[in-house]
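Residue numbers (the numbering used here), protein chains in the order written: chain G, 1 to 343; chain P, 1 to 343; chain Z, 1 to 343; chain F, 1 to 343; chain U, 1 to 343.
Don't read these hints as lab results, they were simulated from the structure. Careful, some of the hints might be misleading.
Calculated cross-link-like contacts (lysine-lysine; reagent style DSS-like; alpha-carbon spacing at most 27 Å) [what the hints assert, rightly or not]: (1) P:K250 - G:K246; (2) F:K246 - U:K250; (3) F:K246 - G:K250; (4) P:K67 - Z:K202; (5) G:K67 - P:K93; (6) P:K246 - G:K250; (7) P:K93 - G:K93; (8) P:K190 - P:K54; (9) F:K54 - Z:K54; (10) P:K67 - P:K195; (11) F:K202 - Z:K190; (12) F:K202 - Z:K195; (13) P:K250 - P:K311; (14) F:K67 - U:K170; (15) P:K67 - Z:K93; (16) Z:K311 - P:K250; (17) Z:K67 - P:K250; (18) Z:K54 - P:K190; (19) U:K195 - U:K246; (20) U:K246 - F:K250; (21) U:K250 - F:K250; (22) Z:K190 - P:K159; (23) P:K202 - G:K195; (24) Z:K190 - G:K250; (25) U:K67 - G:K170; (26) U:K250 - G:K311; (27) G:K67 - P:K159; (28) G:K67 - G:K159; (29) U:K54 - F:K54; (30) Z:K202 - P:K195; (31) U:K250 - P:K250; (32) P:K93 - F:K192; (33) U:K202 - F:K67; (34) G:K54 - P:K54; (35) G:K250 - Z:K250; (36) F:K54 - Z:K190; (37) Z:K250 - G:K246; (38) U:K54 - F:K192; (39) P:K246 - Z:K190.
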Amino acid sequence: MVLFSTKFVELMFRVVLFCFFLTVILNVAIVSADQPIEVGVSLKVHQITQINQKSENFSVVATLIMKFNEPTLADESGEKKLARPYLAPNFAKLLEERGLTWPVHSFYNLQGRVDYQTRIVTLDAQGNIIYVARFTATFQAPDFDFRHFPLDSQNFYIKLDSLPNVNRIKYIVIQDSSGIGENLGEEEWKLKHTKTEVTTHKEFGENAYRFVLGFSGNRHLDYYILRILIPVIIIILVSWFTFFLKDYSKRIDLTSSNLLLFIAFNFTISNDLPRLGYITLMDTFLLATFATTGLVVLANVWLRRLQNVGKEMVASNLDRIFTWGYPMFYFGGGFLMLILFYF
Amino acid sequence: MVLFSTKFVELMFRVVLFCFFLTVILNVAIVSADQPIEVGVSLKVHQITQINQKSENFSVVATLIMKFNEPTLADESGEKKLARPYLAPNFAKLLEERGLTWPVHSFYNLQGRVDYQTRIVTLDAQGNIIYVARFTATFQAPDFDFRHFPLDSQNFYIKLDSLPNVNRIKYIVIQDSSGIGENLGEEEWKLKHTKTEVTTHKEFGENAYRFVLGFSGNRHLDYYILRILIPVIIIILVSWFTFFLKDYSKRIDLTSSNLLLFIAFNFTISNDLPRLGYITLMDTFLLATFATTGLVVLANVWLRRLQNVGKEMVASNLDRIFTWGYPMFYFGGGFLMLILFYF
Amino acid sequence: MVLFSTKFVELMFRVVLFCFFLTVILNVAIVSADQPIEVGVSLKVHQITQINQKSENFSVVATLIMKFNEPTLADESGEKKLARPYLAPNFAKLLEERGLTWPVHSFYNLQGRVDYQTRIVTLDAQGNIIYVARFTATFQAPDFDFRHFPLDSQNFYIKLDSLPNVNRIKYIVIQDSSGIGENLGEEEWKLKHTKTEVTTHKEFGENAYRFVLGFSGNRHLDYYILRILIPVIIIILVSWFTFFLKDYSKRIDLTSSNLLLFIAFNFTISNDLPRLGYITLMDTFLLATFATTGLVVLANVWLRRLQNVGKEMVASNLDRIFTWGYPMFYFGGGFLMLILFYF
Amino acid sequence: MVLFSTKFVELMFRVVLFCFFLTVILNVAIVSADQPIEVGVSLKVHQITQINQKSENFSVVATLIMKFNEPTLADESGEKKLARPYLAPNFAKLLEERGLTWPVHSFYNLQGRVDYQTRIVTLDAQGNIIYVARFTATFQAPDFDFRHFPLDSQNFYIKLDSLPNVNRIKYIVIQDSSGIGENLGEEEWKLKHTKTEVTTHKEFGENAYRFVLGFSGNRHLDYYILRILIPVIIIILVSWFTFFLKDYSKRIDLTSSNLLLFIAFNFTISNDLPRLGYITLMDTFLLATFATTGLVVLANVWLRRLQNVGKEMVASNLDRIFTWGYPMFYFGGGFLMLILFYF
Amino acid sequence: MVLFSTKFVELMFRVVLFCFFLTVILNVAIVSADQPIEVGVSLKVHQITQINQKSENFSVVATLIMKFNEPTLADESGEKKLARPYLAPNFAKLLEERGLTWPVHSFYNLQGRVDYQTRIVTLDAQGNIIYVARFTATFQAPDFDFRHFPLDSQNFYIKLDSLPNVNRIKYIVIQDSSGIGENLGEEEWKLKHTKTEVTTHKEFGENAYRFVLGFSGNRHLDYYILRILIPVIIIILVSWFTFFLKDYSKRIDLTSSNLLLFIAFNFTISNDLPRLGYITLMDTFLLATFATTGLVVLANVWLRRLQNVGKEMVASNLDRIFTWGYPMFYFGGGFLMLILFYF
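The following block holds chain G by itself, in its conformation from the complex:
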């Protein structure tokens, strides 16, 4: 008796060879399908959980659907049957074991983690595969331009890139189920769906398909009017009222404390925005009130000085000019600012 009977060795070899053979057959089937797999893609944004302008990103709850056909997974019995569900990672494993490919994808402008709620693949008897993923994720919005803040209008997009080379996977937009929902839950911004399109990208050297969903928004101004504009106008008005008192010393006190108030406003506003390399409309507005308030202090010190050195009359005349020049100055400045930024 030999340790390895020839029959046994023969058997083992056959098993191994047969497995190779099977693999080859399966692979040939795949290789022959060398034309691209057409993948229908739809992305629907249901909720916008936040738009964080300081971090320049936004978070959404969305559903991504991908549809394609894999003939080798079709049921040959030809019967019309209902689709069956698979958890997505289990389905990927199934495809790996069968030597099949799938539309590997990656969000180009994603930040952090994708929190999947549901990630299901359904497969029917014709080999139609539908991948449904409902997720919460945060996307970069690097096109934020705050120059006109808070009158600015911004563009947002979500970009989905295919990873393998373009010969295999081809994206097609499913238009009717893409877009942004009715009930986004975003209070500050008025948002509008702008585009759903397929383009290409070259992130990995070769051309590959990219799916883009875009939307744009501009702000409700109520917050800025109620919390910034009205308080500032009331303060300016109240400090104007004091002009009628002819008490230069009191005016100096009041305008100095207004200055501190504007510094507080300045910091409040700055917490709202990233640390930009340019100045915004709001900054211009606040700097203008700074400068004006500083000039008012200067003017009042001058008037007081004139009064102290006995030129009461000159001070009084100048003061009349200031009293009416002050509101004019503000109105003119505000008007100029609007002109400069809109034209």
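Use these hints to put chains P, Z, F and U onto chain G, whose structure you have.
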């Protein structure tokens, strides 16, 4: 000796065919069960960990139970046995391998991740499947309407959608174990369970069942009375007391600093709410105190002016009117506001 | 040659039947064990990482141990061997495959996720199973009652519910390894272990066992004395000192600014607590200082008024009363508050 | 033909028995290895991402290495080969299936989750197993004692406990790769490695090994000098300057507003620390400035009083004493405080 | 009939031996490949989601690509086929089962968790393996030096270490796909790619390869100019204006309140930075304004004193010097500071 003995090849083919055969049999069994699977659904909210009105969402600890029967998993021996537990992902895999379907579901208004504490499937000898999931999750509450804030009443809901088409899965409410618990741990809101019902949705093109749990709430007002109303009333009263001093200059100082205080209140309140596109009852209240305080400054400047130009008597008479008009004005304004918002 | 040789089919049937047979035998073994599985439970709280009174929850690092015996997993060779470790999910899978049950459990008052550090099952040759889980988790503390805040005493508990019906799983407390540790790392609260007991719950319709670990705590008052009481007393004292200056106008200024200070304190305190539907001892204290300060302003305005209209003498006499009445008033109020809340 | 041919049954029994046999052999191999497995342990802290004194914990990026030998996994061919990597959970599963044990461990003072970056096991032909885990984690530091804050010195440690009983696993320190790194990235603390040792613990009833890495730290004082000490000294100096003005009324105003400033400091400091049950050096310092400022107000009120009742001379003399007593008082108090805390 | 027929035992032995034999063959194949595996590495930073200078770290969205060849995974049929995707953990498992190694790696300066979006391995018929990981992660930046803050320039790097010894894995930079992207979304910093190189490290005793990607940045100064410099200059200017009023008492009030303002600035700045063991340029700037403002108070007290004791003329002369010395002092100080820090 040939590489593949005919016997071996024959064996392999038989194995493959037998597997196909088995699969077909199993599938036939499923397909014949073409009427919908009735799924009993119950959702019980045990805790409300937070209601975040700024982000317009709320977080709950809840238990979702789904009950259905899968005859193919029944034990044919017919004996009455106790149910056995499975971890949910393992059970899903088991179903996948058996070519069976299950009630794939998705929370419509979920935000972020579902943190499952327990996610167990029990299966008994009759094929009764009970899915029990205890989880913590955050749901969108997009119906927040702050127009009457803080006297507002809000509606909250949790929507559970079935994913596959409606022919297969049919939801039935298990009424007695659905609802909201006794010990929610929410201090600001008084909450009341409003409905548990099954409706349909068209999120994925076709009609599918939707389970809805709704509840509504209105606020305890103690916080707003203690932190906003009483301080504001005390400040208004104290600034009214100063009317009796006949010192117009001091009044200007005091009311100016009250103005700053109201601006501080304004910001405190605004941190509590999202940046809305409309004004709330609280805003109206604060704007009214703003405007009144501004007018009081104006009036005092005028009185002081009159005094300065020698019309002391006129000022004194006007002042008597102001002294009593001031509280009247507030009471009248408060009364008007209540009228406007309630009728 | 037929496609399926009778021998082959026969073999397949035998395999299938044998498997069924084996399963039946195994199940019978389980079913016969119909008396409850006794599960020894111990819970030890090592650290309290935070007590969040605003969210009404607390976070702990704890070890849960569950001990039970599964005879079918005993090694029949009868040898005394050391226990072997399994990762808990792998062990659950092992039990599923063997058709065995295990003590499925769920924390009743958990919030969010359980972060397991270690989750090991050891199995020895006698079939003794020990489940050891060391975790960090957050639990609801809905019994918070702030009426006596900051002199309040609170109760905390962790409730562990068994999920399957009570016939199968029976909890027994392992007293010596349950409780709270020596080095909890909690600085504000003095905590005391109050009970470890097994009760029942009806969360899923049927009676099932519940394990409860309870502890209670009251606060170190140093923080409240140092940050609230001493500053408030110093401010009250300093504003009392000014009574000796006989300058009613200055007193009005000072007490007005104290009013603002108390409003600031009011907000600081309110950030510490949830938005309650009742008032706390601290609120009463602050409201009393509010009201008193408001009355002091009123009194001084009155005195000033008397002075202005020439009744200097009356003002001076009244003032003497106020000067000594002011501290009396505070002491009396403080004494009354203590009486009211303690008896 | 019978359902179960005797040959088939016989075959099945043989398979089952053979499996038992194999298991027994394997187990015997393990049992005979009853002497403890020596596990070399090293822990290296690369980064300290934060020291959170309010929560009394610290977060580190560290590498844990465990080395031991498992003869049954050695390659019998005796050839010198390179080690092969395994993902740690896969390796644990491999050991479970082979009925082998491994050094199950748990960090005693961990809080929350361990975020593993890399968790690799390498196995070489001699059965040498090296477990390498690089992770980020947060550890409790319950020994924080703030009595001398901010001049305090604190001890930190990481404790790693072995879970199974001590007969099986024995820890040995690998000294040269344990310790704390050069580039910890911690700016506030000066840290020093104090010990790496193996002790025992009794957390699970029986004695088991514990690995301890300890380090200690004291603070850079620049922050406290720049943000607290210098501002307080400047304020004290400036309020001292006003003593030279002989205007008691102005002094009362200034020292009152200083009081408010110290209250603000008090809150700023308190946000830095947990709510302790004792007072710190910093508290003593701030309380002393409180008390002193309160006394200064009192003194000035008294002086003003003397002035008002015509005892100008007495006031002036007393004032001279106060003018020089004030700085003396501070220096003396500061000196006393240092003495009390250091000796 | 014996329990174990000799034929059966023989069969079992053969199976076991054959398996050993196969393993040996496979291993020999690996061992003979003793020369290092050349791994092409590229790292591309797409986004910088934040640079946190207080925690001294930065967060990026990046893509890591690793390319190597494993001949034993090549398809022997020699046909040119497309690559197939694998989920990375599944591929690792595949390699483990085949006894193969892979380029185990670890980020040296990572903090916390790596959030992988996509983690795919593709394998083609030539055995070319491409690992593509797109992730979000936080890296330590321990080289932060704030001495010149906010005019500082900082270096950032990402270090990727190979874990097994250097004989096996050799890193080669893929230059064209490494670097930092165009659209980083970082507003405060101007960033510049500085290097991509392969060095070695000795973290685990033996030499191993390390891949380093470095970039450097300096700040946009707009924020610091708008929020700090301009307000401070306006305050300094306004307090200078008051010098022209010759009212020493008012000046003392104003400069005292400026002092408080600078303390507020001091705290605002300190929240931006870690608690350093050295002083920054910004600190120097603020300390200088502190000291100057303190000296101005002192000077004004002195002037007032002179005035009080009747030396009006001396005070007036000194004041003229101060009036022009004050701005000179600031300009000179600012100039000096620039000189000191730049040369």
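Hints, one by one, checked against the model:
Proximity of K250 (chain P) to K246 (chain G) is assessed by CA-CA distance (about 16 Å); at most 27 Å being required, the pair is judged to hold. Straight-line distance between C-alpha atoms of K246 (chain F) and K250 (chain U) comes to about 16 Å, which keeps the hinted pair within the 27 Å bound. Straight-line distance between C-alpha atoms of K246 (chain F) and K250 (chain G) comes to about 25 Å, which keeps the hinted pair within the 27 Å bound. Proposed proximity of K67 (chain P) and K202 (chain Z) is supported: the alpha carbons are some 18 Å apart, at most 27 Å.
For a cut-off of 27 Å, the pair hint linking K67 (chain G) to K93 (chain P) stands: about 22 Å separates their Cα positions. Between K246 (chain P) and K250 (chain G) the CA atoms are separated by roughly 18 Å; this keeps the pair inside 27 Å, and the hint holds. About 12 Å separates the Cα atoms of K93 (chain P) and K93 (chain G), which keeps this hinted pair within 27 Å; it holds. Taking the CA atoms of K190 (chain P) and K54 (chain P), the gap is near 18 Å; set against the 27 Å cutoff, the hint holds.
A threshold of 27 Å between alpha carbons decides the hint, and for K54 (chain F) with K54 (chain Z) the separation of about 17 Å falls inside it, so the pair holds. A threshold of 27 Å between alpha carbons decides the hint, and for K67 (chain P) with K195 (chain P) the separation of about 20 Å falls inside it, so the pair holds. The suggested pairing of K202 (chain F) with K190 (chain Z) holds, with an alpha-carbon distance near 25 Å, which does not exceed 27 Å. Taken as a hint, the K202 (chain F) and K195 (chain Z) pair is honoured in the structure, with Cα atoms around 23 Å apart against an allowance of 27 Å.
Proximity of K250 (chain P) to K311 (chain P) is assessed by CA-CA distance (about 19 Å); at most 27 Å being required, the pair is judged to hold. Between the alpha carbons of K67 (chain F) and K170 (chain U) the distance comes to roughly 25 Å, so the proposed pair stays at or under 27 Å and holds. Our distance criterion of 27 Å between C-alpha atoms is met by K67 (chain P) and K93 (chain Z), whose separation comes to about 22 Å. At roughly 22 Å between alpha-carbon atoms, K311 (chain Z) and K250 (chain P) fall within 27 Å of each other, so this suggested pair holds.
As the CA atoms of K67 (chain Z) and K250 (chain P) are separated by approximately 78 Å, the hinted pair breaks the 27 Å bound. The hinted pair formed by K54 (chain Z) and K190 (chain P) meets the criterion: a straight-line CA distance of about 17 Å does not exceed 27 Å. The suggested pairing of K195 (chain U) with K246 (chain U) is violated, with an alpha-carbon distance near 61 Å, which exceeds 27 Å. Taking the CA atoms of K246 (chain U) and K250 (chain F), the gap is near 18 Å; set against the 27 Å cutoff, the hint holds.
About 11 Å separates the Cα atoms of K250 (chain U) and K250 (chain F), which keeps this hinted pair within 27 Å; it holds. Straight-line distance between C-alpha atoms of K190 (chain Z) and K159 (chain P) comes to about 43 Å, which puts the hinted pair past the 27 Å bound. As the CA atoms of K202 (chain P) and K195 (chain G) are separated by approximately 23 Å, the hinted pair is consistent with the 27 Å bound. Between K190 (chain Z) and K250 (chain G) the alpha-carbon distance is near 55 Å, which puts this suggested pair outside the 27 Å criterion.
Of the pairs offered as hints, the one joining K67 (chain U) and K170 (chain G) holds, with about 25 Å between alpha carbons and a cut-off of 27 Å not exceeded. Proposed proximity of K250 (chain U) and K311 (chain G) is supported: the alpha carbons are some 22 Å apart, at most 27 Å. Pair hint K67 (chain G) plus K159 (chain P) holds up; C-alpha atoms about 26 Å apart against a cutoff of 27 Å. Proximity of K67 (chain G) to K159 (chain G) is assessed by CA-CA distance (about 18 Å); at most 27 Å being required, the pair is judged to hold.
Between the alpha carbons of K54 (chain U) and K54 (chain F) the distance comes to roughly 17 Å, so the proposed pair stays at or under 27 Å and holds. Pair hint K202 (chain Z) plus K195 (chain P) holds up; C-alpha atoms about 23 Å apart against a cutoff of 27 Å. Restraint check for K250 (chain U) and K250 (chain P): the C-alpha separation of about 18 Å stays at or below 27 Å, so the hint holds. Distance hint between K93 (chain P) and K192 (chain F) is unfulfilled; the C-alpha atoms sit about 52 Å from each other, more than 27 Å.
For a cut-off of 27 Å, the pair hint linking K202 (chain U) to K67 (chain F) stands: about 18 Å separates their Cα positions. For a cut-off of 27 Å, the pair hint linking K54 (chain G) to K54 (chain P) stands: about 17 Å separates their Cα positions. In summary, the hint linking K250 (chain G) to K250 (chain Z) is supported, as the alpha carbons are separated by about 18 Å, within the 27 Å threshold. Taking the CA atoms of K54 (chain F) and K190 (chain Z), the gap is about 17 Å. The hint holds against a cut of 27 Å.
As the CA atoms of K250 (chain Z) and K246 (chain G) are separated by approximately 25 Å, the hinted pair is consistent with the 27 Å bound. Between K54 (chain U) and K192 (chain F), the direct Cα distance comes to roughly 22 Å. Compliance with the 27 Å bound is thereby established for this hinted pair. Restraint check for K246 (chain P) and K190 (chain Z): not satisfied, since their Cα atoms lie roughly 56 Å apart, outside the 27 Å limit.
In this structure, the earlier hints numbered 17, 19, 22, 24, 32, 39 are contradicted, and the remaining ones agree with it.
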